[in-house]
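Trainee: Residue strings, one per chain:
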Amino acid sequence: MDLYSLTITQAHELLRQRKISSLELTQAVLERIREVDGQIGAYLTVTEGVALEQARQADERLRRGERVTPLTGIPFGVKDSIVTEGIRTTCGSRILEHYVPPYQATAVRRLLEAGAVLLGKHNLDEFSMGSSTENSAFFPTRNPWDLKRVPGGSSGGSAAAVAAGECFFALGGDTGGSIRLPAAFCNVVGLKPTYGRVSRYGLIALASSFDTIGPLTRTVEDAALVLQVIAGQDAHDATSLAQPVPDYAAQLQRPVKGLRLGLPREYFVPGMEAGVEAALQEAIRQFERLGMEIREVSLPHTPYALAVYYLILFAEASANLARFDGVRFGSAAQQAQTIPELYLETRGKGFGAEVKRRIMLGAYTLSAGYYDAYYLKAQRVRTLLRQDFERAFEVCDVLLTPVSPGVAFRLGEKTADPLAMYLSDVYLVATNPAGVPALALPCGFSEGLPVGMQLIARHGEEALLFQVGHAYQQVTEWHKMRPALGR
Amino acid sequence: MEQKYEAVIGLEIHAELQTRSKMFCACPADYAHAESPNTHICPICTGQPGTLPVVNRAALEQGIQVALALHCTIPPLNIFARKNYYYPDLPKGYQISQYEMPLAVNGWVEVPVGKEGTLQRIRIRRVHLEEDTAKLFHQGDRSLIDFNRAGVPLLEIVSEPDMHSVDAVLAYAMHIRNVLRYLGVNSGDMQKGVLRFEANISVRPAGSQELRTRTEIKNLNSFRALTRATAYEIRRQIAIYESGGQVLQETLGWDEEHEVTLSQRSKEHAHDYRYFPEPDLPPLQIEAAWVEALRAALPELPEARRQRFIEAYGLPVAEARILTAEKSLADYFEAVLPQTQASPREVSSWMIGEFLRHLNERQIEVEAVPFPPQALAELLNLVAQRTITMATAKEVLREMFESGAMPQVIVEARGLAQIADEATLMPLIEQVLQENPQVVESYLNGKESVFQWLMGQVARATRGKADPQLTRQLLQSRLDALRRSRL
Amino acid sequence: MSDTHHPLNIETVHHIANLVQLGLTDEEAAAFLPQLNAILEYFALLQEVDTESVPPAFLLPGARNVLREDNPEPGMSREAFLSNVPASEGEYVSVPRVLEEA
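Residue numbers (the working numbering), protein chains in the order written: chain A, 2 to 488; chain B, 429 to 915; chain C, 2 to 103.
Next up, chain A with everything else stripped away, as it sits in the complex (with noise of 0.2 Å):
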């Protein structure tokens, strides 16, 4: 097997017995990002010198046995939409092309300190807004297993290296599906933690009340491993959970005999692809094979979830956008004569069409005399649909959902319809305004192109979601399959 498509566990378990050194680790991984990424374009940045240097500093570590961690001299890649100290940070937008953060974003502090290797940075939808990261403003991320498809987004930068073994794991951010619905599409795992499990500080924010970042990994296994170095209270993020963080690896292999498992059936309707549900329907009966009691739930307000994450989004991105006018960073029209004409030119030219459909709407909602009829309203329905969850999770301790009603689509698909691009989250966006964490796992192809099923539950309870994932995966190969690119 080639060193780029090991697990974090797999690589962890060479490099502890010094089988491999993490620069060789490191250098293969560079090598392959050099040998498909022109293809692929997952990557805006690639750190080759910081990689190096911080693989030689892992290795050391791992010399004399002391701080190691399991993620100790693994290289991974970050979203580029979360900041990294002295690394240019372009969040996908022209608006940032040239932005060198001061400050570290906490979770990749996290990171580095736990011995991990930084190859670079993601390429992701301009301002991660988007669902096929074809709104970078440099360029579009394809499909690993399909070079004529998306590889979903926004965060489809990180899923697309994942899969096509340009890094071992990644840091994406979810405010909506951007994690899951990249994993799903590149047939990578992906979690999506309690909202302030994990620090926001250091993510460019768009919708700060549904933020979160999150692993995007090989397997289950690797997720829990990842979330327990970034998972925290951080004095930085005022929303950050105060809970202890549990130990993850220690429940995986907790047997899943007897849990409940709830099938929404809102989210089980017409408009699946027939290869999705077939997928899903397998997995229900591996479930079923396990020991799992099968329950039908519902969600009610399951048909207002797009409205209410839409709403309070473009609100909340159309006041954290204003800080890019041109002043403190960032481009700016440097020949501007007053300060209307710096922020017109700075910000019309630095944004693309979705960011400024999506902050326009977010003023206009909010703007004298609207404000209770969108913006309130839809904070007032974000409290049933955390209500619609409260009330599942009596009856059941998981819930399993599809991640997308269809697979990867083509380039281009959907470009002229932002309503239908948004569509693509429909099964994704209500745990952002609930908070819950949900994980995106492989369960199988439709037409050769991966299919992810989704897994949510209780506030906190990401462990019982490792389990979960976890179990089936050890009945499962879907996980294992790679796309077969430059070979």
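Honestly, the hints are just simulated from the structure, not real lab data. Built from N, CA and C at the ideal position, the CB exists for glycine as well. Errors might be hidden in some of the hints.
Once the Cα atoms are required to be at most 30 Å apart in a straight line, the calculated DSS-like pairs of lysine-lysine come out as [unchecked claim]:
#, chain 1, residue 1, chain 2, residue 2
1, A, Lys20, A, Lys258
2, B, Lys646, B, Lys511
3, A, Lys350, B, Lys563
4, B, Lys646, B, Lys822
5, B, Lys511, B, Lys432
6, B, Lys543, A, Lys350
Which stretches of chain B does chain A cover? Using the computed rule of at least three CB atoms under 8 Å from a CB of chain A, they are [said to hold, decoys possible]:
#, region
7, 518-526
8, 782-795
Please build the complex by placing chains B and C on the supplied structure of chain A, with the hints as guidance.
Mentor: Below, chains B and C without anything else, positioned relative to chain A:
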């Protein structure tokens, strides 16, 4: 003309809080003492992408204490909100402020208005926390920005439109400043901009209860600007009504140089602040026990101190009011007391008389007095011990204000000690009597009123140093002796 | 219900672009108009939900009083800050002259 109309005025006061760090980040808040521009800054207060605010406990507690001193109600829950507008001094494109659900509501103060000092109650609508903006300097065709002030805690105190005269506005503003200084949360140093006023003004026919169109004057940074601008705006509006015109709702600026208010574009369309709850900050839940603990920790406030001065020191109400109207003056008074043999009444009349006269003459604050309370205490001791006369004491005080020297030093250096020995005084008295034979003659003929004149001559001959009691005694006995010799 | 059903026209598109300081070409505004209206019309869906006695989510029970102690710490250097600033002059950030107070 003005009696036909009544002004209706409300004030918004922005007070910087004297915390050590900024409102939402750990940068030092004391921007006035920054060594140079853009040094008290961090990723958070410069609005770098991905940063998050965290509330400063001290700012919150200071805010609650001010609210309690203004007799406000502290609601159990309050939230922050984003106030959205674009300006180069505003790093995030929104100011974190409070809108619905502010820190405190429904307070009141009673202030002495005008020469009679009639107490008037002015209601406080709300008190809320927010962050200050950066400082702009204009130079040629560019504006330069220093972010040291960005993020400094601000408390906004909004009154009801309960003031009807410039006198009331001044009394209210001075009272608020005094309360802030008593609490030690604001230096009151107007020149440094730590207190800023905005006045909302309308006028209506006297006796009417209607609320007419109001104008808002921004950026009034001194009592002088506040009173002049208010007076001007009242006159301007009356003149408009008298000529049959209509007052426009607009935002005005105060032109200090020409002493006129100037329109700053009409406000209603330009400012749509699109407030919405700040998603980065969880709500603040202010439990009753917390409020009571902060109330218990309140220092003595002006009203209570005034009452204590009346009861404990036996001061007249008017004197107690003057002494307590400025915390620094009351502090000075109470620092003098334990160090002097003079009675509280004597100290009080010295301070309200001579001491305040010098402050007014020199246009300085108590803080700028160049000698410590101990020096004034000593000066009064010298009088009590009859080392110097009252007249000399006044002269010494003048010199103390000029040089800051201790009274003892001045008295010795200039030989101002009272002449209280018979051997020195007697020859002087003899001389005065010899030089004024006609006056002595008229005294001996029964015109005893000239005695005072002769006393004055002795004082003059000693440049006021002659002990008046001894002089009187010696002069009397000498004149008595002359009378006896005639018999 | 009609409250939220206010399809935009080309003037309102320009107005809201101005609210968020976006320079839009006429072509852009024309392309956005039907897209924005379609999305706003979709949002009208929420009006059918009865939320009479439902509190907004931002007031639901959850974390409260997450506070920082008032301890100053050094931040970042001026050099680090100014290195990203598009236009600076000496120790300052520089912008076109501000003409009137906000």
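Trainee: Taking the hints in turn, state whether each one holds.
Mentor: We went through each hint and held it up to the structure:
1. A:Lys20 x A:Lys258: Status violated; Cα separation ~37 Å.
2. B:Lys646 x B:Lys511: Holds. B:Lys646 to B:Lys511 sits at ~17 Å (cutoff 30 Å).
3. A:Lys350 x B:Lys563: holds, 28 Å
4. B:Lys646 x B:Lys822: violated, 44 Å
5. B:Lys511 x B:Lys432: violated, 40 Å
6. B:Lys543 x A:Lys350: Measuring from Cα to Cα gives roughly 61 Å; hence the hint is violated.
7. 518-526: holds (count 4)
8. 782-795: violated (count 0)
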